[in-house]
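Novice: So the chains spell out like this:
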Amino acid sequence: MTAVASHAHPPTSTGLDHRKIAIWAFIGSECMLFASLISTYLIYKGRSVVGPFPHEACNPPVCATHLNPILNIPVTSFSTFVLLMSSLAMVLALAAVENKGKPGYEGLLGSSKFWLISTAVLGITFLGCQAYEFTSFVHEGLTIRTNLFGSSFFTLTGFHGAHVTAGVLWLITLLAIDIKRGLGPKDALLVDIAALYWHFVDVVWIAIFTLVYLIK
Amino acid sequence: MADQFTHTHAETDVHAMGEVHEHPTWKQYKWVALILTLITVVEVWIYYTPFKESPLFVPVLLIMSAVKFAIVVLFYMHLKYDHKLFKALFTGPLIIAMSTLVALLFLFGKFSGR
Amino acid sequence: MATAAVSPSYARTSSGSPSGIWSWLTTVDHKRIGTLYLYTALAWFAVGGTEAVIMRMQLQGPNGRVVSAEVFNQLFTMHGTTMIFLVVMPLSAAFFNFLIPLQIGARDVAFPRLNAFSYWVYLFGSLFMNASWLVGMAPNGGWFGYAPLTTLPYSPGLNIDFWMLGLQILGVSSLAAAFNFITTIINMRAPGMNLMRMPMFTWMAFVVQFLLVLAFPVITIALVFLQFDRFFGTNFYTITQGADPLLWQHLFWIFGHPEVYILILPAFGLVSEILPTFSRKPIFGYPVMVYSGILIAFLGFGVWAHHMFAVGMGPIADSVFSMTTMLIAIPTGVKIFNWIFTMWGGNLRFTVAMKFAISLVALFTIGGISGVMHASPPADLQQTDTYFIVAHFHYVLVAGSLMGLWGGIYYYFPKITGRLLSEKIGNWHFWLTFIGVNLTFMPMHWSGLYGMPRRVYTYDAGQGWEIFNLMSSTGAYLQALAGIIFAYNIFRSRTHGEIAGNDPWEAPSLEWSIPSPPPDYNFETIPTVTSRYPLWDIKHPELTASVPHSRHGDERNDVSLGGKHVGAFHDHMAAGTPEGGLNPNATQASSKVSLKTAEELGIPMPYPTIKPLWVALFMTLMFASLLLIHKDKLPLAMAGVVTFATLMTGFLYAWLTAPLEPHHH
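Residue numbers (our numbering), protein chains in the order written: chain A, 1 to 216; chain B, 1001 to 1114; chain C, 2001 to 2665.
Any given hint could be a false lead.
[As the list claims (entries may be wrong)] Just the calculated beta-carbon pair ranges, DEER-fashion: (1) Ile2239(C) <-> Phe1106(B): 49 to 57 angstroms; (2) His139(A) <-> Lys1027(B): 55 to 63 angstroms; (3) Pro1059(B) <-> Gly2314(C): 40 to 48 angstroms; (4) Leu2025(C) <-> Gly104(A): 45 to 53 angstroms; (5) Gly2312(C) <-> Val1102(B): 43 to 51 angstroms; (6) Tyr1048(B) <-> Ile2610(C): 55 to 63 angstroms; (7) Thr2240(C) <-> Phe1106(B): 21 to 29 angstroms.
It is worth saying that the hints were derived from the structure and are not from the lab.
The beta-carbon is built from N, C-alpha and C at its ideal position, and this holds for glycine as well.
All chains, please: the whole structure from these sequences, using the hints.
Specialist: Here it is as structure tokens:
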């Protein structure tokens, strides 16, 4: 018994790290958060009394002037692709950290810094697309106050965007640590939990893209 | 060292705690990315075809996005290779969340054809 | 023992740890945080209780004139909100904090600083919400805050702003604590402490953390919608824009019903600790108690709309929610019967803790039965919005949750302070509470069935309600008296109570194997656990000999579900000495054991830190800045939000980059 006594921390009951259990519990909790947001969007779909609408044009007399359908599928398809690619960059960043110094992980493509920057840049690109999308919607007459669609759309996608923003800050923090002291195999867990969060945000977007943008 | 949560791995490395390894490889990651891209392309493509009016459009899209969802979770979040505890921590809440969503849509009459 | 009288074990065991205000502001010790939760929640209990007494003074007779209708609205809103979010949940959190690490044989929680953060958020959030009284604009929309009544056109004042921002802040506290405890219970159990050997309290706490993690995001989103509606003019609850008045109700109760189990299951857990100890019998049907707790929680997510039978959801929804609600009575009934069978044939000792525990079993059953009554939609339509409902939920929350928590305080006070609460004063507390609770809430069944609606600030004579209201008010005053006696008992016993020693009750679980109060590091040596009742196996093997209790080689190590073998529990290093690390002579007064400090033992303890307090404070101020929006000072509000968010993030980074403890890898 004295082996587990005073001097060190006892090994955890499961052999797993605390932080990884916590992040998975957090992700479980986030499932409920986004389920509430998505439910509300879907419940209110088709219930707005004034335009603009997501998929249909709105003409007088329902709307004072002609309003185009709002959703811009090409731009969002591009940003969806960008976010998927950021997930690829993220797993490669994790692989680079875990295998730092091993054969096959030399040069730019084996560099955790490169992949962390790539992930962050792709994330920022996604946010840029969202900013473009939001401003163009406002120009076309849809704000968060216009109708139920505007309220639920901007809140849902805005919450997702806020999650991406937090993820980008997290990635930049990791990058700063990497530049300062270098991330190696023993830091893999730090990158792993950030990656889990990042992929989860991606997964939520997969659902949003289908439920909000593609399904009429 | 073995209670019901502990991995069957005889020597879990206590120092790299949590990393029950055997992650997917580079090659797999790229294949996954390719599959995800292809599904996304198909999703957007059928949006622009007459198939959009078909009653099968919505179910097909839902299945495709569910597949994408599952692929990212299983490979990129390496849940397929990870400790079963993490599977439980994710799938339990996911099931409750999805059931709640479906129940809400039902309660608000979204399945009654209105 | 002479030395013990002069120098209580408290002084002895805390000699190695610093004292003074600063040590409390910077503490990351789960026991100190638990203590902070305990006393803060008791203080809010006094506030919430006062609110109740004022309401009962108003309703004591017809046409009461103690308070205006507006103040009455604020009183019942704040009474409900306070008792649920500032009293019962934090009291449960006090026990989670204090007990979980002790019961599973750990030295702290998984994230000690996050734990401190949870407490400070709770403290600042509760102060923020109650600051509304100071400006005379306490929340007035009911604890359920039904939108659209809480939207700007109907509630233009700051009242609802205080409420929704306050709840948002408190939600952060609960969520942070829940992730912490989930990780702690999964990952910090002592060797051999497999899941089916965990004490029942830890089990129920474990279940509650999952409820918190899944229920709070939903209220968060409902509140975000309300904030956006009130601050930014969105339309989530604007009926003229096509919004559905039921959206809030559904989201609220998807949170609200699991919340009910968040309030009651910790008390169930405490009672499951108290009854076996004072019956001198292991708990009856331990695995079934565990499974029924899990089942209650799981079913709890599928019953929310029974709070909404009166809104007309249609026959299918009504039937489904009625049936799922009635289903929950089964696992709950199982628990009630298992408690009774635990006592059956036992060698009962009627301590104050035991009396509170038994009255929970008896009185919760009354609340449970009236619950099954309004699980039936036709009956519910008669009862909804009447005092019958008030009677029901006070039987489950006061006679249930609070009775269990009071029992828990009498049972664990000696572990927390090193001194026993006075049983003599405690008996006065118990009997006054018991009589007061029944005198207050039993007549409400009648006033409700005679048609008295909830939330009315006054009523006319001649409707047959006078006598019941007089009884209820008298009962409330008795409860207030009981509360004062309780407070006196705590103040007196903290310094003058009998010295407790390690194990004053001869209890079976790990927390009683260490000194009272426990040293910083809890366990000098992490114990190895080989059964459900480690201390009884050593000290009273006759109590556990004939009961399967997951000992090594016990047939219960094999798990089967529905006759199918699905797995087995294995023993951690159990081949070595049994009950390693436990002191078989634990009953000896702790004052005889000279306790070493963590430093002397070479146990790394987390550094104290003030940073979680700052992060919590700036987060609260960030939310509080939003109040300025309704003073038409949007730029100032935004400046506040940005400033405090920046400060919060800065301190968060400082916290995350500072090492937790010496020599930590």
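Novice: Hints first: check each against the structure and report whether it holds.
Specialist: Hints versus structure:
The hinted range of 49 to 57 angstroms is not satisfied by Ile2239(C) and Phe1106(B), whose Cβ atoms lie roughly 22 angstroms apart. Between His139(A) and Lys1027(B) the Cβ separation comes to about 45 angstroms, which falls outside the hinted range of 55 to 63 angstroms. For Pro1059(B) and Gly2314(C), the hinted distance range of 40 to 48 angstroms is not satisfied, since their beta carbons lie about 26 angstroms from each other. Distance hint check for Leu2025(C) and Gly104(A): the Cβ-Cβ separation is about 51 angstroms, which falls inside the suggested range of 45 to 53 angstroms.
Against the hinted window of 43 to 51 angstroms, the Cβ-Cβ separation of Gly2312(C) and Val1102(B) comes to about 21 angstroms, which falls outside the hint. Between Tyr1048(B) and Ile2610(C) the C-beta distance comes to about 59 angstroms, which sits within the given range of 55 to 63 angstroms. Range check, Thr2240(C) to Phe1106(B): about 26 angstroms between beta-carbon atoms, so the 21 to 29 angstroms window is met.
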